[in-house]
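Participant: Required output: the full structure, derived from the provided sequences and hints.
Here is how the chains run, residue by residue.
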Amino acid sequence: MQLNRDDLLKAYRDMRTIRAFEDRVHDEFAKGGIPGFVHLYAGEEASGVGVCMNLDDRDKIASTHRGHGHCIAKGCDAKAMMKEIYGKRDGLCGGKGGSMHIADLSRGMMGANGIVGGGPPLICGAALTAKTLKTGGVAVAFVGDGGSNQGTTLESYNLARVWNLPVIFVVEDNGYAESTASAWSVGGSQKKRAEAFGMPGLEVDGHDFFAVNEAARQAVEWARGGDGPSLIHVRLDRHYGHFEGDAMTYRADGEVEKLRAERDALNIFRAKVVQAHLLESSQLDAIDAEVAAIIDEAVAEAEDASPPGEVDLLTDVYVSY
Amino acid sequence: MSKKSYRQAINEALAQEMRRDPTVIVMGEDNAGGMGAPGEDDAWGGVLGVTKGLMPEFGRERVLDTPISESAFIGAAVGAAATGLRPVAELMFVDFLGVCFDQIFNQAGKFKYMFGGKAVTPLVVRTMYGAGFRAASQHSQCLYPIFTHIPGLKVVIPSSPYEAKGLLIQSIRDDDPVIFLEHKVLYDDEEEVPDEPYTIPFGEANLTREGEDVTIVAFGRMVKFANEVADKLEKDGISCTVVDPRTTSPLDTDTILESVEETGRLVVVDEANPRCNMATDISALVAQEAFGALKAPIKMVTPPHTPVPFAPQLEDLYIPSPEKIEAAVRAVAGA
Chain A
114 MQLNRDDLLK
124 AYRDMRTIRA
134 FEDRVHDEFA
144 KGGIPGFVHL
154 YAGEEASGVG
164 VCMNLDDRDK
174 IASTHRGHGH
184 CIAKGCDAKA
194 MMKEIYGKRD
204 GLCGGKGGSM
214 HIADLSRGMM
224 GANGIVGGGP
234 PLICGAALTA
244 KTLKTGGVAV
254 AFVGDGGSNQ
264 GTTLESYNLA
274 RVWNLPVIFV
284 VEDNGYAEST
294 ASAWSVGGSQ
304 KKRAEAFGMP
314 GLEVDGHDFF
324 AVNEAARQAV
334 EWARGGDGPS
344 LIHVRLDRHY
354 GHFEGDAMTY
364 RADGEVEKLR
374 AERDALNIFR
384 AKVVQAHLLE
394 SSQLDAIDAE
404 VAAIIDEAVA
414 EAEDASPPGE
424 VDLLTDVYVS
434 Y
Chain B
-15 MSKKSYRQAI
-5 NEALAQEMRR
5 DPTVIVMGED
15 NAGGMGAPGE
25 DDAWGGVLGV
35 TKGLMPEFGR
45 ERVLDTPISE
55 SAFIGAAVGA
65 AATGLRPVAE
75 LMFVDFLGVC
85 FDQIFNQAGK
95 FKYMFGGKAV
105 TPLVVRTMYG
115 AGFRAASQHS
125 QCLYPIFTHI
135 PGLKVVIPSS
145 PYEAKGLLIQ
155 SIRDDDPVIF
165 LEHKVLYDDE
175 EEVPDEPYTI
185 PFGEANLTRE
195 GEDVTIVAFG
205 RMVKFANEVA
215 DKLEKDGISC
225 TVVDPRTTSP
235 LDTDTILESV
245 EETGRLVVVD
255 EANPRCNMAT
265 DISALVAQEA
275 FGALKAPIKM
285 VTPPHTPVPF
295 APQLEDLYIP
305 SPEKIEAAVR
315 AVAGA
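Line order of the protein sequences matches chains A and B.
If you count the first sequence from 1, position 88 lands on 201 in my numbering, and the numbers rise without skipping.
If you count the second sequence from 1, position 106 lands on 90 in my numbering, and the numbers rise without skipping.
Honestly, the hints are just simulated from the structure, not real lab data.
Don't be surprised by glycine CBs; every beta carbon is placed ideally from N, CA and C.
Misleading hints may appear alongside valid ones.
Covered, in the sense of this in silico footprint (three residues per stretch, anywhere, with C-beta under 8 angstroms from a C-beta of chain B), are these stretches of chain A [unchecked claim]:
| id | region |
| --- | --- |
| 1 | 215 to 225 |
| 2 | 229 to 238 |
| 3 | 242 to 248 |
| 4 | 266 to 275 |
| 5 | 420 to 431 |
Facilitator: This is the structure we're talking about:
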């Protein structure tokens, strides 16, 4: 896909929306306003946005416990997401899913997933639907480096290959499965694992939107063209802990400060497009201001919104019972 | 109307629904069989021949053989159901639940609720259960109480060929995830089954015998045993109502309670292991809602709290037999 100025503006807006959303959730969680567990995607924006820029309404994604960024990248409404994370009745899932199960099937977003490795089998099914009904759609499973070691993920590599499904497995390797280093927990390499199952494996720098976007363009082209599954190993960093409240004692001193200074996906994007005279700094500043205002509104509206009522406890279990 | 086996009834239900609705697909290990192999196509038609003939009629695109990867293909069935197909996935033996349960209970069963009512997951998982095949501990369990425990799943236990066809068609047309349990010992049982498609609604128990003295609630193969016992005891002056709930989720509690109100005596027959099974569930229901009607303590007839043994002599002792059911009915009847 040749990216035009509008595409670049959209990519930056989506990445900035994710960053602002997650930074704000971090702050509000610390203040005690958000119930439950949250796992933040800040730092990984170039992956979700770089991949999803290649998708359209026919296409499905399945996400992980770290799912807010994938939601925004696939077009979910940030205000409805914030309400969901606050557990409110007008939230994206009626306040019944929360951060770990946030989903919008109408946008092709098949859910964050509280089960590590839960998504890849489901996305094989979404790809089977696309293939059987000949919709032309493709399906993307995002998994982390932790999820890459689940049997469900490895079984799905095999199933996608033998059924020749239009699937893209995106392994977002942020270096840590919870507190355990992926350098220790992953045997072999993600690329060679893909190749062992008979599918192409691509490796990209996940701080570079353009690298991710190009790899995903290639993978989507293969999938839409009937060549079946492929895998993209995206190396990136998360700015926060595994979950909010994680003291990150397993990380090196100064590690996060350094990566924020040197490998920030938004800073890298901004420098590239400005230096290449593709976009003006002022355009990006304007997006920053617009997004900040939207997130302010999202939090204010989420705080004011009504929680579900007792009647909602018993609904939505079955279509009919 | 003609005589059909339980196996034929299930096969006919699948074929008729696949003809009616192009979004119905079938998948599982060896559902056609011979995939990629040099011999015959449709070599097996399922390990016990239940899906035989579907692949030649509907093709490999709608009858999918799978690798032995239950997590992946049961999960794929869930994902396909959530995106527009009506998959009927075969979990060859219910005992294999252990390698794919996440996709059933954490994914399929919870989508609708977690996603605020906006998901529809019209999935059927067909699976073979039950003892009596000398198949030992890992190929003989019942396990339907485990599915019944999960909100969001429906659980169907057909007790005869007629029941199997009508309940399977209902399962395929149903918009919720359904676990459809086929007792392996019943596959060759025959009875009159209509040729045309028909449905049997969920949550409506079937009274296979009607009597005044004792209510027997039984599931699956145990309905057959309960009927035998009821017929025998009728001659001895003990008349029994036999309730086949057909589905454990939803469960027709009204019919069970109404029957116990009439008879005042309850025997529950359940081939599942005794802790937290359907027998304990129904006993608790009756103790809570109809205690005043009881004329005798409730009796439960179940296997012991052991795995299913291999040796034929032991397996026969394990299975709730007509003799054990008869003894329980006589005990509650005071005869």
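Participant: How about the region 242 to 248 of chain A: do at least three of its residues have a C-beta closer than 8 angstroms to a C-beta of chain B?
Facilitator: Our answer is that it holds, as 4 residues pass the Cβ test (under 8 angstroms) against chain B, meeting three.
Participant: At a Cβ distance under 8 angstroms, does chain B reach at least three residues of the region 215 to 225 of chain A?
Facilitator: It holds, with 6 qualifying residues against the three required.
Participant: Given as covered by chain B, does the region 266 to 275 of chain A meet the bar of three residues or more with CB within less than 8 angstroms?
Facilitator: Since 5 is at least three, the answer is holds.
Participant: For the region 420 to 431 of chain A, count the residues whose Cβ lies under 8 angstroms from any Cβ of chain B; is that count three or more?
Facilitator: With 4 residues close enough to chain B, the hint holds.
Participant: Are there three or more residues in the region 229 to 238 of chain A whose C-beta lies within less than 8 angstroms of some C-beta in chain B?
Facilitator: Per the Cβ count (7), the hint holds.
Consistency note: the structure conflicts with none of the earlier hints.
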